[in-house]
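Asks: Sequence:
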Amino acid sequence: TTYEPKNAKWFRFLEREEDILELYKKADVIVAHAGAGTLLTALSFGKPIVVVPRLKKFGEHVDDQQLELAEALENMNKAIAVYDIEKLEDAIKKAKLLLKYRPIQRNKKLILFLKSTLRRLEK
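With the numbering used here, letter number 51 in the sequence shown gets 51, and the count goes up by one each step, no holes.
Treat the hints with caution; some may be incorrect.
[Said to hold, decoys possible] Under the rule of at most 25 Å between Cα atoms (straight-line distance), these lysine-lysine pairs were calculated in the PhoX-like manner:
no., residue 1, residue 2
1, 26, 47
2, 108, 78
3, 9, 93
No lab work stands behind these hints: they were computed from the structure.
Generate coordinates for the entire structure from the input sequences, incorporating the hints supplied.
Replies: The following block contains the structure:
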C-alpha cells in the first residue's frame with residue numbers, strides 16, 4: 001500500500017525475525033491479521049491481541065479462512081476480532097482495559113484447529 005500512518009511508528013517490511021519478535025515483546029497490545037503463524041507467535045507472548053482478518057472481498061486474500069481463525073480466537077477469549085476497520089480504535093482500547101496478561105496455555109482444541117488450517121493452506 002502507499003498509505004503511510006500518521007499516528008504510529010511504522011515500517012514497510014522487516015527482514016529479520018529477531019526484529020519482529022522484539023516488537024512483539026515491547027508491545028502493549030498486538031494488532032495483527034488472522035494468519036495462523038502470526039497468531040501463534042502473538043499468543044506465545046501472552047499479550048492482548050486485536051485481530052483483523054484479511055478478507056477476500058477486499059482482494060486481501062484468496063478466501064475468507066482468516067475469518068475462521070479470528071472467530072475461534074474471539075470465542076476462546078484469546079483475542080478481540082475486528083470485522084469493521086472503523087472499530088479498530090475501540091478494539092485496541094478494549095484490549096488495554098479488559099484483557100489481562102495471560103501466558104499461553106496448552107489448548108488442544110486451538111492447537112488442532114490451527115494445525116488443520118495450516119495444513120489446508122499448504123495444499
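Asks: Could you run down the list of hints and mark each one as holding or not?
Replies: To see whether the hints hold, each was checked on the structure:
At roughly 10 Å between alpha-carbon atoms, residue 26 and residue 47 fall within 25 Å of each other, so this suggested pair holds. Simply put, residue 108 and residue 78 have alpha-carbon atoms about 14 Å apart, close enough for the 25 Å limit, and the pair holds. Proposed proximity of residue 9 and residue 93 is supported: the alpha carbons are some 18 Å apart, at most 25 Å.
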